[in-house]
Amino acid sequence: MKLNFKIIFFAICTAWSFHANGQQSLQKRACNNSVTPDSFFAIINFIVKELSLDTTVTLNTRISSVSESLSDSKYFKTLLIDSSRKFTIVNYDSLGNKVISRIVPNLNLLNRNDLKYLKCIRRSYENYKWDNTKLNFTAVKSNEFYSFSIPYYNLAHDMVIISFSYHDLSERWSQGRILLLRRQGNKWVIEQLEGWIT
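For what it's worth, our numbering labels the leading residue of the sequence shown as 142, then goes sequentially.
Be careful, since some hints might not be right.
Quick list of simulated restraints, FRET-style, between CB atoms [what the hints assert, rightly or not]:
| hint | residue 1 | residue 2 | range |
| --- | --- | --- | --- |
| 1 | Val330 | Asp272 | 23 to 33 Å |
| 2 | Val330 | Leu221 | 20 to 30 Å |
| 3 | Asn186 | Leu211 | 19 to 29 Å |
| 4 | Lys215 | Gly237 | 27 to 37 Å |
| 5 | Gly237 | Asp299 | 40 to 50 Å |
| 6 | Lys239 | Asn268 | 53 to 63 Å |
| 7 | Gly326 | Ser283 | 36 to 46 Å |
| 8 | Ser212 | Arg313 | 38 to 48 Å |
| 9 | Ser235 | Asn186 | 19 to 29 Å |
| 10 | Gly237 | Thr177 | 51 to 61 Å |
| 11 | His298 | Asp272 | 17 to 27 Å |
| 12 | Glu332 | Arg203 | 25 to 35 Å |
| 13 | Asp234 | Ser180 | 44 to 54 Å |
| 14 | Gln325 | Leu211 | 45 to 55 Å |
Bear in mind the hints are in silico, worked out from the structure with no lab data behind them. Every residue gets a Cβ at the ideal spot worked out from N, C-alpha and C, and that includes glycine.
All chains, full assembly: derive it from the sequences and hints.
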């Protein structure tokens, strides 16, 4: 009896180990195979066109962080869905009793698997440099430049989080935006998550 229990326990542990390693391997392969520099350039070129960004400025080839004030990991955690939080709309009936009319879905964007995926993308491209031949900034205005973060796809590839900033060295000011792109059908729709001017 004890021998059978040990064999069954060993078999379960071995199967669980293969399953866990397989899941990690699957996620790593998904990260490495599905997000390519070409997909990054396509997103950035789309943003340049849709927002009519000035391409006569210089491109900073170094990849910037998504947020000016937080590391990428900490910023993404602010977008994490917290299933323990519930947002409700409270109304009162004619007697003054509290009535919860509906539960509003959490407005946060990412789940824990998305967060792992974003970290994997960041690790894969942390030393990457932008290739201006694919973005076509002409550098006519040498005192002005744009910086872009990596376009971070969620696991389903129906959302992208990216930031860009514009810097004018002669006037000593800059501005930037963090954008959310949502796939609707076969096109992207741009929403602004955050903006800043310094």
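Going through the hints against the structure:
1. Distance hint check for Val330 and Asp272: the Cβ-Cβ separation is about 27 Å, which falls inside the suggested range of 23 to 33 Å.
2. A C-beta distance of roughly 22 Å is found between Val330 and Leu221, which places it inside the suggested range of 20 to 30 Å.
3. Our hint of 19 to 29 Å for Asn186 and Leu211 holds, since their Cβ atoms are close to 27 Å apart.
4. Checking the proposed 27 to 37 Å range against Lys215 and Gly237 shows it is violated: the Cβ atoms sit about 43 Å from each other.
5. The hinted window of 40 to 50 Å between Gly237 and Asp299 holds, with their beta carbons roughly 44 Å apart.
6. In this structure the supplied range 53 to 63 Å holds for Lys239 paired with Asn268, their Cβ-Cβ distance being about 55 Å.
7. At about 40 Å, the CB distance of Gly326 to Ser283 agrees with the hint of 36 to 46 Å.
8. For the pair Ser212 and Arg313, the beta carbons lie near 25 Å from each other, so the given range of 38 to 48 Å is not met.
9. Between Ser235 and Asn186 the C-beta distance comes to about 58 Å, which lies outside the given range of 19 to 29 Å.
10. Between Gly237 and Thr177 the CB atoms are about 60 Å apart, so this pair conforms to the stated range of 51 to 61 Å.
11. In this structure the supplied range 17 to 27 Å holds for His298 paired with Asp272, their Cβ-Cβ distance being about 22 Å.
12. Look at Glu332 against Arg203: about 26 Å separates their beta carbons, and that is inside 25 to 35 Å.
13. For Asp234 and Ser180, the Cβ-Cβ distance of about 53 Å falls inside the hinted range of 44 to 54 Å, so the restraint holds.
14. For Gln325 and Leu211, the Cβ-Cβ distance of about 28 Å falls outside the hinted range of 45 to 55 Å, so the restraint is violated.
Violated hints, in rising order: 4, 8, 9 and 14; the structure is consistent with all others.
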